[in-house]
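Visitor: Spelled out, the chains give:
Number of protein chains: 4
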Amino acid sequence: MENPMDLFPRGFASDNFAGVHPRVLERIATVNHGHAMAYGEDAVTARTQAAFNRLFGREVATHFVFNGTAANVLSLMAFHKPYGAVLCSNLAHLWNDESTAPERTLGMRLIPLRSVDGKIDPAALVEILGRGHGVHGVHPVALTLTQPTEVGTLYSLEELRQLIGIAKAHGLGVHIDGARLGCAIAAMDCGVHEMLVASGVDVVSFGGTKQGMLCGEAVVFLTPGLGKEFPYWQKHSMQLSSKMRFIAAQFEALLEDDLWIENGRRANAIAQRLNQALVKVPAVKVAFPVQANSVFARIPPAWLEPLQRATFFWPWDEREGLVRWMCAWDSTPEDVDRFITTLNHMGSA
Amino acid sequence: MENPMDLFPRGFASDNFAGVHPRVLERIATVNHGHAMAYGEDAVTARTQAAFNRLFGREVATHFVFNGTAANVLSLMAFHKPYGAVLCSNLAHLWNDESTAPERTLGMRLIPLRSVDGKIDPAALVEILGRGHGVHGVHPVALTLTQPTEVGTLYSLEELRQLIGIAKAHGLGVHIDGARLGCAIAAMDCGVHEMLVASGVDVVSFGGTKQGMLCGEAVVFLTPGLGKEFPYWQKHSMQLSSKMRFIAAQFEALLEDDLWIENGRRANAIAQRLNQALVKVPAVKVAFPVQANSVFARIPPAWLEPLQRATFFWPWDEREGLVRWMCAWDSTPEDVDRFITTLNHMGSA
Amino acid sequence: MENPMDLFPRGFASDNFAGVHPRVLERIATVNHGHAMAYGEDAVTARTQAAFNRLFGREVATHFVFNGTAANVLSLMAFHKPYGAVLCSNLAHLWNDESTAPERTLGMRLIPLRSVDGKIDPAALVEILGRGHGVHGVHPVALTLTQPTEVGTLYSLEELRQLIGIAKAHGLGVHIDGARLGCAIAAMDCGVHEMLVASGVDVVSFGGTKQGMLCGEAVVFLTPGLGKEFPYWQKHSMQLSSKMRFIAAQFEALLEDDLWIENGRRANAIAQRLNQALVKVPAVKVAFPVQANSVFARIPPAWLEPLQRATFFWPWDEREGLVRWMCAWDSTPEDVDRFITTLNHMGSA
Amino acid sequence: MENPMDLFPRGFASDNFAGVHPRVLERIATVNHGHAMAYGEDAVTARTQAAFNRLFGREVATHFVFNGTAANVLSLMAFHKPYGAVLCSNLAHLWNDESTAPERTLGMRLIPLRSVDGKIDPAALVEILGRGHGVHGVHPVALTLTQPTEVGTLYSLEELRQLIGIAKAHGLGVHIDGARLGCAIAAMDCGVHEMLVASGVDVVSFGGTKQGMLCGEAVVFLTPGLGKEFPYWQKHSMQLSSKMRFIAAQFEALLEDDLWIENGRRANAIAQRLNQALVKVPAVKVAFPVQANSVFARIPPAWLEPLQRATFFWPWDEREGLVRWMCAWDSTPEDVDRFITTLNHMGSA
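Residue numbers (the working numbering), protein chains in the order written: chain V, -12 to 336; chain Z, -12 to 336; chain H, -12 to 336; chain U, -12 to 336.
Just to be clear, a hint being listed does not mean it is correct.
A pair holds if it fits inside one copy or across any two, identical chains being indistinguishable in the list.
To be verified - Straight-line alpha carbon distances no greater than 35 Å define the calculated DSBU-like cross-link-like pairs of lysine-lysine that follow: (1) K215 to K272; (2) K68 to K215; (3) K155 to K215; (4) K68 to K272; (5) K68 to K155; (6) K215 to K267.
Keep in mind the hints are simulated off the structure, nothing from the lab. Remember, it's a predicted structure, so these values are computed and weren't measured experimentally.
Using the sequences and the hints, build the whole thing.
Guide: This is how it looks when you write it as structure tokens:
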């Protein structure tokens, strides 16, 4: 049978367009052997949870769910109050890309905060926390930050500490959406413990799919005792996999020899190559600092459609002529070179 | 590395304890190649949806979700009213094994109906539909049936038609929980079209995981036009997979050459072998007709614990001494023989 | 202006058809004077909450909501778990007459239990509590009992203690739906403290509307510390009245000189008069012991329609020929006599 | 008994601090006579619904609920999609003062839009409607406007038409929160039909409590056919009053001889008197145009606490020194004069 996969052109549309890392797929095959307890009571799951403990340098509570929306929303269940609100960036995936999942699953409100280069403005956080309104208003219960952000920038450790400090001083829980956390760890000169544990984060959505897996994300509670009822939430939220060993095994492969960070590093390097090549395309202006695996740029409006036809990607904000190019763990220098050639062709057309 | 999978003893605990069929895993590897559109807009998904059309002999609307609870609950969204109720068997997985997912996701009530040998008593259905109560009571909007049932029995075509007829006469939608549908199709002398389309079923949870997949279930709308907004429900219910091709590909392999039915046939055959062997174990009484891939039996209370230690399974109703033994696509005659030896050892101990 | 109220014939349809007791209406007028703090921070509310403390012989936490469904559902919020279930009688108002309010507001499941003469069968309670199912099944968190029951019977103190004892032994909270509690207190030889506090009840829906008010019910937490966040639940459930003094004032009048018990006693007496008169109508069979303010009876099917035309009421179960006649605080001996005359006329027609 | 109502000082804290208009209370007493059908099937309710038809100059669908939050939220049920969003002003009561009622009852998101003088900026509305995001983002389904706004300003007819036009062009439903609608009608040179029906509004929360009632709000669907299932929503949202005649009767009195507009006119006049008197208090700066019954002002920070002690009111934004003074239907010129005296005393203290 001819492989239809060959027909779709590679490009920079999304890191969700990439496939599964060979070592991840291999590990699935390895554990596909005999019988195992279902619903996460198996040996592979236990072994992978232990690997997460080692990664974070402490006993953490790790649970595996199906996708990123579930990881974010169920992380936040740990801070649930029926009259509560979750504070997020106005660019957060949670706010822009997860439909009404937060409201419907949590029964809480999202409040979007002003951001600068994709990062929540501390003044906006302070401002919202200064309001108090008894039973009438919603009560902020958690702050969620994305690292790297949705526009490919990074919170410095200092910036993380500042925002987390404000949140903690007001009794809020702190969540990190780390769908592409490996890119952040690869880019910043620090370890997971320093970035997340030491800075006071309570719970992390630890990305699987975008970091090289087939499907699956981890929710990792760093704060001892938090999320004790998670398996129940997982069940009633339709996020409990019966053959859990196959999600766990993927994460085991991802953590082994820091494959997830290595994948992030490769994606970041491709983004840098793209960024540097764009300097020589005068009609294109990079819009945000390129700190992780994505490049946002403003392109001439007339280029959008032909460029999409040549190599598919989504506009970020059509009215602003702003587009997003996202590098994946399997993106190659050749992908960049071919893309730049196409761009130059636009310019000369 | 030693494979910990070797350490867990094979048995009859659940068809979720089995692994992935080799042809399914192979297909995942085949499509793990290059880039593909995310969220189900890829070629593999389209191809697999076309395979479902061929299977059902008509244009159906097929969507892939992560697990069985989601397949059941999101199927029922098609009949949603905020004051609605879903009628199910008092033995339904939906009622007994899916936590509060139905209530929380649908905002509707479940009403459990009396069953005989796992099958809803038509009189109980008629009785509940005879009540009317204006705005005060809940309004039944759908009937859900499980085929094969949770206790391994089968609704005959005549029984299906009768219940569906009653439901339709009252304007209800009809859903089939077909987590193990292949066992039913293998066991009954009929095709998918006859059992489901011709009998008036509106939507089916078409099992993946228990039928040999790694993870994934299909929701198949048979009634034209039904479930048009499903992709939205899927998204806000956290059931939209980004790398969808890898769920679709598994189903493609499962449908090819009727692998799913073949898997059901093998599991059924093992159940029959077990059933027949039990005749010679006087202390054990089979509790329900063995029509698909499970055997329910009453065993001496004193046997329960040592037997579970020897080969893990769950009691179905400890107070009644009722246990469930479930055969999977990968169960073998040797599994049965070893189990019977263990049972006989119990009897002589 | 002619009063259209004169046109509607008095009868035994419901205690919701009755009006407001004059002393209640008078008290509304008394507090309609000047300004008062809104949302329950006013002096009338505080005064009435103190009256509830005196009634129950201890410090209780009393909150006023708009209707009975809200009182029941918000009482149960105190025991909320997202994977929880509430156990009720299969005849409970909560199960039969409050639409999907329990599921939608609480996100929990209702489980109806078998009842005898409207009272939960202790064996059914024991049976359901014996099931355990880890994360898969729902977890019972509360038991709700109605006193008097929906069919006009009463749990004896001994029966209450038995059911509450079973519930407490399994860690469940206990709620009483006391929409007509005054009828129970009037009928049984005991006080509020003995019936509710001493028997271990946690929270009571204390009826207002059916006991002589215009609108309003009280949720009274008897167990210290329970329901501390009630004002928040009340707000997000749309049950916080801004001009609260006018609900509180009605309750103040109702508690004064035990008006609520006096109203119950009068309604009970009318029900007894009706019950005794029915003995002489051979075609009518009283269906349940008449212990409070309602009479359930089986009547000849042919009588139903003409009788409803003569004096409106609702059938309870049309297929069984079972009807309900409900006496209110304002029902009179003349109402009974006229009704019996009508009945006799049916018999001779 | 001494009336504790005498002890609370009159002021400008809220129109919820006022009592019930005598004609409203009188009408309650008038209909408190004999029996009536429950749950809104009575003659008083029908009569009042007819009065609403006359008021709007067409057949409208009028339903009575308990409070303003319920009126707003249940109005919006008419536009419900499970992945939907409601657009509101960032100053909307719905956003700031109704806890999580919108999210929990509707399962939809609220999106706050930038406002100028309390009125939604049309550019902000256009901007949000220009975004499209397939299944990933939420879909705006309705626009809600408050008239008069939460800061006492009025949308002109032209402004209403512009915003409604934009909303309609994008298929959105339009809701008016008219908790104080009488103030708007009294202030603007137009009738109800012109302001609401002709401008294309679909549904109105027609205020009761703040306009002189004891408790109760009306939801009025102006668009034919809209909200047909409202009685069901009302029931499952715990907003169906059993003795409905007593809410309906209040509205009947309010509509008679335009009492509700008269009440608005009186409140507006008091606000104007206050506004004019403040001109002579140099330390106080009125913050928004005074167009209805409220006055927002910036006062010296040091005044806040002593002024609140003298005559209770709430700060609107403590950090900005912004306070709200609200006039009610029962506010008097003497109330203003006394208040100004107190203010002047502050200035000279």
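Visitor: Would you list, in rising numerical order, the hints stated earlier that this structure does not obey?
Guide: 1, 4 and 6
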